[in-house]
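K.L.:
Put together the whole structure using the sequences plus the hints.
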Amino acid sequence: MHDHRPILNKRVARHLGERIIPAISRVVAPLTIEHWEVTDAPAAPGQGDPVDHQTALAATYTPFQTGTPWGPAWGTTWFRLTGAVPTEAADLPLELEIDLGWDRGAGPGFQAEGLALRPDGSVIKALNPRNAWLPVEADDQGRIEVYIEAAANPIVSRQGPTELGDVLTAGRDPRYVFARADLVEVRAEVRALAADLATLSGLAATLPEDSGHRAGLDITLDRAIDQLDPNDIPGTAAAARADLAEALATPAHPSAHRAYAVGHAHIDSAWLWPLRETRRKVARTVANQLQLIESGDHPEHLFVLPAAQHAAWLAEDQPELFARLKEQVAAGRIIPVGGMWVESDANLPGGEAFVRQLVEGTSWFDEHLGKRCRGVWLPDSFGYAAALPQLAKLAGMDWFLTQKISWNQINDFPHHTFWWEGIDGSRIFTHFPPVDTYNATLAPAELHHAATNFRDKGRAQSSLVPYGYGDGGGGPTREMIEQARRSADLAGSPQIRIADPDDFFAQAMAEYADAPTWVGELYLELHRGTFTSQVEVKRTNRISESLLHSAEAWSAIAAIRAGHPYPYEELQRIWRDVLLFQFHDILPGSSIAWVYREVVARAEQLHRDLRDIIDQAQRALGGGWFNPAPYARAGIPAYGSGTPDAGFDQHVTPQRDGSDLLLDNGTLRVRIDARGLVTSLVDLRAGRELIPAGEAGNLLQLHHDFPNAWDAWDIDEAHRHTVIDLNDADQVEVDGTTIRVRRHHGDSAFVQELRLPTSGDELELDLQIDWQQQDTLCKLAFPLDVHTDHARFEVQFGHLTRPTHTNTSWDHARFEVNAHRFVHLGEPDYQVAIANTGSYGWDVRRCAKPTGGTYSVVRASVVRGPRYPDPRADQGVHRWNWRLAPGRDVAGAAELGHHLNLPLEQAAGAGGAADEGPLVRLDGAVLETIKLARDRSGDLVLRLYEATGNRRSAVLTGDLALDQVREVDLLEHDFDDRSPLVTAAVVTASADRIELDLRPFQVVTLRIPAGAAAARRRS
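Under the numbering used here, the final residue of the sequence shown carries the number 1019; numbering is consecutive throughout.
If you are wondering where the hints come from, they were derived from the structure by calculation, not from laboratory data. Predicted model only: the values in this text are computed from it and were never measured. A portion of the hints provided could be inaccurate.
Computed Cβ-Cβ distance ranges for the label pairs, DEER-style [to be verified]:
(1) Asn408 - Arg104: 23 to 33 Å
(2) Thr62 - Arg158: 30 to 40 Å
(3) Phe975 - Gly746: 50 to 60 Å
(4) Gly121 - Asp502: 34 to 44 Å
(5) His812 - His368: 44 to 54 Å
(6) Arg573 - Arg685: 46 to 56 Å
(7) Glu569 - Asp49: 19 to 29 Å
(8) Gly852 - Gln655: 29 to 39 Å
In this text, a Cβ means the ideal position worked out from N, Cα and C, and glycines have one as well.
P.N.:
What follows is the structure, encoded as structure tokens:
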């Protein structure tokens, strides 16, 4: 039998595309167009930068015609549209339809966009290719006047090297052609018919071909099309709709899947556009959602607002829009979610930085919008560290949402609703929307996929669908809401409920409280290159975290001991910038060149600001700008300056042994051959050779790195198929106590330095590269004669143990992983640590020995050379530092990583003058943070954690009245009835001593009242 379904599909599709949708509106009159191109800064860099609306509205506009090119890349052009409503059209339903020159193949947030304003400067709504209309607001004489701030954002979303990613290289040629600006009559019945047909034809396409329901829908759709006169769609639309009414009114089965539709707009804080453009994207998106809400046509519409930074930008840039936003937050129609400053990367930020994401975001929403967030909303990040459940719970969060794990290349994640358990044992209720997108449109195919893909069927019935145009912003549209209305209770479809995410999670917890548990990280089997891409932004991030740690500690100590004013506002400003730069398309290295040019420059200015803060605090304590001699290790760049602080530690002088060089300090003996490679590393204490026979360490390796897609994001496993070992040295020289090795490959130059202190167990390895390769991955390899099937990798506030074998597909997929300040591996009675100052990507592999047994190869991913979206990513000079420490247990590894990255940590702990002694001292755990409370009370706040993965006792002593201590949450509030804390960490507290009982990897925040130091001294 001939299958009629494809014919019917074509029939419905053609009528929709060629007859029905074009008939939704009729041009009443064209508008008159004038324009003013922003040229405040005549030089190309900056030409077209946004201006305030007062400047734009007062500008001189010149005539402009449709069909005329406009808008150099990243430029801004203002258009003034004027017209009049004809008398005969005064009672018609009217709108304005605008086409700035949309590219229909590009998404709404990836090209030209506009913001429409009234002559008084108030905002109407935004324009993009999926939302290209404006309401008509005519005066008493029927006159229309609208201003449009049009952004000529170039299309950078089509993969491939492009110079469009920076205003400095994008050129000045116009990117768009203004197509139309018309006053139109809207035919509501035709618009409704289009929605009816889209819903039912889309639903039919999801049903089994042999089902009776599908057959009935086929017949219904066919009859409805028969009712239409192609030459008179408006006159026959009602009859066609009548034939569809019964099908649309047939309710869903009571057991149908329930999809909780949550309107949102995933706005990347920077990506294929600069930070300055994101600020305007926020305003456009919020304007559209306010229009939907305030029009009264969509009383069910709710919109969630993640990222406090976006709301803060709106308050600064568009106070009128922000005031309207606040009204709708109070009314419950706009809902702040996530409780984070930005939707950050969830692997690379340090522990304290992730705390501050939660603290700054939650506090801002609470203080400025009166809303306390109860869940972490993080749909699009590239994997999720196993420390996050504890941090989320300590910030008062009840739930966690993401979607990205659905992008896994190899393994399908087994659950959509589950309890996620972190490294310390904390659990948070977690949901992955089975719709497999965070930019849903509520099309029937998406809803069908959500229901059929849901992996918890039979145990749960509900899932969340985040809908609305995103990435580049936009959010839900009226068409999506119409789809939701028609699918709310429709036979064959999941039931749709417009919802607040808190309501969804309450329902999901109630129906699935015994959900399964997933233990450990949520590793994304994709985008592994983000651990390495854009070296400089990762370098500046690590330095920022280090300097903030020291600046807060020095300032707190100076405030307590010398009455120095604590720089609350300045530190908060810097923290918020650092948190912004940790957004999940900035810190991972996946943004355009403009973003990194700006972010790295701004970060380096923050570093100067932080040094000034430290200097002022130290001067208040009787010192000057810090003398790094007691704290810095030779060869470690001071705050990443790249200048070794030589001379502060003593190093052994290399000795010649034939063509080899030897370093020997009585603890370690290192042999470096004529190639500059480490051929022997003996731990003299254990009598153990660490380099396997025939292997060599300090080996640089190059791989072809041209992934199947997503250059900056991905490292594909195929990179291992080819490798070039940089065995040949241009020069191996001795410079005092340093062995310096020079190499080259193509146009790239490599300088490796090795040193060994006169005492201690650390081989110092420094690397400088002038990197000129592209589509190439550089790794530093160290084979170690350690037989193990696992390694430990530092994550926030602890470490994660990962297998180094490939027993399962899950193990195999982790061929590239992330770590923070150390990697550690070992046998039961012997262990090795490698600490670093800026590496995040790693792999550890087991290799078979010819004589039996295995050894491990530890490799740090050093630099890549992706060409999209930044065609010159990572080109230039970069520096790295590692310390290889044989015999170190995991506590020693944590200590090594801590001190290597925090050269002022000991100084801050000392607290100024030596005769005063330390302000506080902690034994048995790591003191992560010393600061004053954010509420300006003057209270001292200490954050500490157990770093080894063991149950431990810790003791805090110091020059404070410690018996007044209180244990608080991350927001520095006392725990309440909602507290996730099961047992308090503080066991006893006396005037000079606090004893704590810590579970593995537990994070504890202590608050000591202002004046406690004075009280202690008086006693």
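K.L.:
Evaluate each hint against the coordinates.
P.N.:
Structure-based check of each hint:
{"no.": "1", "hint": "Asn408 - Arg104: 23 to 33 Å", "result": "holds (31 Å)"}
{"no.": "2", "hint": "Thr62 - Arg158: 30 to 40 Å", "result": "holds (33 Å)"}
{"no.": "3", "hint": "Phe975 - Gly746: 50 to 60 Å", "result": "holds (58 Å)"}
{"no.": "4", "hint": "Gly121 - Asp502: 34 to 44 Å", "result": "holds (36 Å)"}
{"no.": "5", "hint": "His812 - His368: 44 to 54 Å", "result": "holds (47 Å)"}
{"no.": "6", "hint": "Arg573 - Arg685: 46 to 56 Å", "result": "holds (48 Å)"}
{"no.": "7", "hint": "Glu569 - Asp49: 19 to 29 Å", "result": "holds (27 Å)"}
{"no.": "8", "hint": "Gly852 - Gln655: 29 to 39 Å", "result": "holds (34 Å)"}
Hint compliance for this structure: no hint is broken.
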